[in-house]
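K.L.:
Can you build the whole structure from these sequences, using the hints too?
There are 2 protein chains.
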Amino acid sequence: MPRTDYSDFACSVARSLEVMGQWWTPLILRDLYLGVDTFDDLVADLGISRSLLTRRLGDLVADGLVRREVYGERDDRYRYLLEPSGRDLIPVLAALAAWGDRWQTPAGGAPLLFEHEGHECVPTVGCSTCSQPVTVETLVPVPGPGARAARGTAVVAARPLRTQSTEG
Amino acid sequence: MPRTDYSDFACSVARSLEVMGQWWTPLILRDLYLGVDTFDDLVADLGISRSLLTRRLGDLVADGLVRREVYGERDDRYRYLLEPSGRDLIPVLAALAAWGDRWQTPAGGAPLLFEHEGHECVPTVGCSTCSQPVTVETLVPVPGPGARAARGTAVVAARPLRTQSTEG
DNA sequence: CGCCTGGGTTCTGTAACTGAACTCATGTAG
DNA sequence: CTACATGAGTTCAGTTACAGAACCCAGGCG
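First to last, the protein sequences are chains A and B. At position 114 of the first sequence (counting the first as 1) the number is 114 in this note's numbering, and the numbers step up by one without a gap. At position 143 of the second sequence (counting the first as 1) the number is 143 in this note's numbering, and the numbers step up by one without a gap.
The reader is advised that the hints may include incorrect statements.
[Stated by the list, open to error] Just a sample of chain B residues kept apart from chain A, beta carbon distances all over 10 angstroms, derived:
(1) PHE39
(2) LEU53
(3) THR54
(4) ARG55
(5) ARG56
(6) LEU57
(7) GLY58
(8) ALA62
(9) ARG68
(10) VAL70
(11) GLY72
(12) GLU73
(13) ARG74
(14) ASP76
(15) ARG77
(16) SER85
[Unchecked claim] Not everything, but these chain A residues come out facing chain B in the computed CB check (under 10 angstroms):
(17) ALA62
(18) GLY64
(19) TRP103
[Unchecked claim] Chain B residues, not near chain A, derived (Cβ > 12 angstroms throughout):
(20) VAL61
(21) ASP75
(22) TYR78
For the record, the hints were derived by calculation from the structure and aren't laboratory data. A virtual CB, placed ideally from N, CA and C, is assigned to each residue, including glycine.
P.N.:
Dropping the structure here:
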């Protein structure tokens, strides 16, 4: 049986993972952002197997996160570029990297840091309305227009929302 | 051969994925946050196989993102609770859900929305210093103290950082 | 001619995941 | 006192997904 398809889940995390949650995919997107954008450079940087990279890049192009473009004079040399949806995912990956730096700190410290308009920047998840950082304690989930009893909300739909921050 | 171990990568995204990037793991953390915290409830909500859930929960406990706690009167009924590192990951998953709502919009709209201190909230990645949202264009990667030529930075380490926003 | 580069495809194993059945202890309804 | 339900798993068979190496092809270079 194939790995479970997330696309019918009533959960946006699941549908995001369906297109970027495969093994290697976030690292490929990270490398494209950093300018490692040709097939052989990706193989060399990541150590991913060529067969798998072929499929991952094909899926990313099919899902619209990435496009393939000819470069140079020959018409069989390609570069992979982030499309708007792929570019919009980079800050989320940066926030994930910041989480890794906090909780899975490597020997020697963070391998990569960020700057934003000249100053130091730790990518932090905040609120679109008030710009303050959000935490588990201050983030309250509410059912949206697409809420339904489906995989990913089978149990949640059957009872009022109580998060681990608000319950006993 | 086992799936590639990310833990030696010189990349914080990779080390984050090593503990939360397995298939199902982010959805398990999401459910724990939403209060779906017992073994059978997780099986019912997600449809994950029981054998795999056993391993995933064990890994999460071993990695310190989750702890297992007895509840009720019997001593063989357990509830899984988020530890600080697990709780700190929830905003990142919320930002990922927001990305999914933007780019992989489901029929009927978002299944789950968020509020923050009484107002509507779209979890957005911002800068820790100036609180402004960060985008690919304004986010500049710089080598950190732990930068080295290793898997995940083999190609990057050999040349100056040029991102897809600044090149061509 | 032989080798290098870039971008793949093909092949062979092994590990990961699915799904169903089973265990075991306790509690409860008939 | 038998039957069934609940909670938390374990065991097992079957199918994918992934790793790693080898190979292919076109063009350029020495």
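K.L.:
If a hint holds in the structure, say so; if it doesn't, say that too.
P.N.:
For each hint, the structure was consulted:
1. PHE39: Nearest chain A Cβ is 12 angstroms from PHE39 of chain B, so the label holds.
2. LEU53: holds (12 angstroms)
3. THR54: Holds, because the least Cβ-Cβ distance between THR54 of chain B and chain A comes to about 16 angstroms, which exceeds 10 angstroms.
4. ARG55: Holds, since 15 angstroms exceeds 10 angstroms.
5. ARG56: holds (13 angstroms)
6. LEU57: At roughly 15 angstroms from the nearest Cβ of chain A, LEU57 of chain B sits farther out than 10 angstroms, so the non-interface label holds.
7. GLY58: Check passes; 18 angstroms lies beyond 10 angstroms.
8. ALA62: holds (13 angstroms)
9. ARG68: Non-interface label on ARG68 of chain B holds, nearest chain A Cβ at 14 angstroms vs cutoff 10 angstroms.
10. VAL70: At about 14 angstroms from chain A, VAL70 of chain B clears the 10 angstroms cut-off, so the statement holds.
11. GLY72: Answer for GLY72 of chain B: holds, closest chain A Cβ roughly 12 angstroms.
12. GLU73: Consistent with the label, GLU73 of chain B stays out of reach of chain A, its closest Cβ about 16 angstroms off (over 10 angstroms).
13. ARG74: Non-interface label on ARG74 of chain B holds, nearest chain A Cβ at 18 angstroms vs cutoff 10 angstroms.
14. ASP76: holds (20 angstroms)
15. ARG77: Non-interface label on ARG77 of chain B holds, nearest chain A Cβ at 15 angstroms vs cutoff 10 angstroms.
16. SER85: violated (4 angstroms)
17. ALA62: violated (13 angstroms)
18. GLY64: Since chain B brings a Cβ to about 8 angstroms from GLY64 of chain A, closer than 10 angstroms, the hint holds.
19. TRP103: holds (4 angstroms)
20. VAL61: holds (15 angstroms)
21. ASP75: With a cut-off of 12 angstroms, ASP75 of chain B remains clear of chain A, as the shortest Cβ separation is near 19 angstroms.
22. TYR78: holds (15 angstroms)
Figure legend: structure checked against the earlier numbered hints; hints not met, in rising order: 16 and 17.
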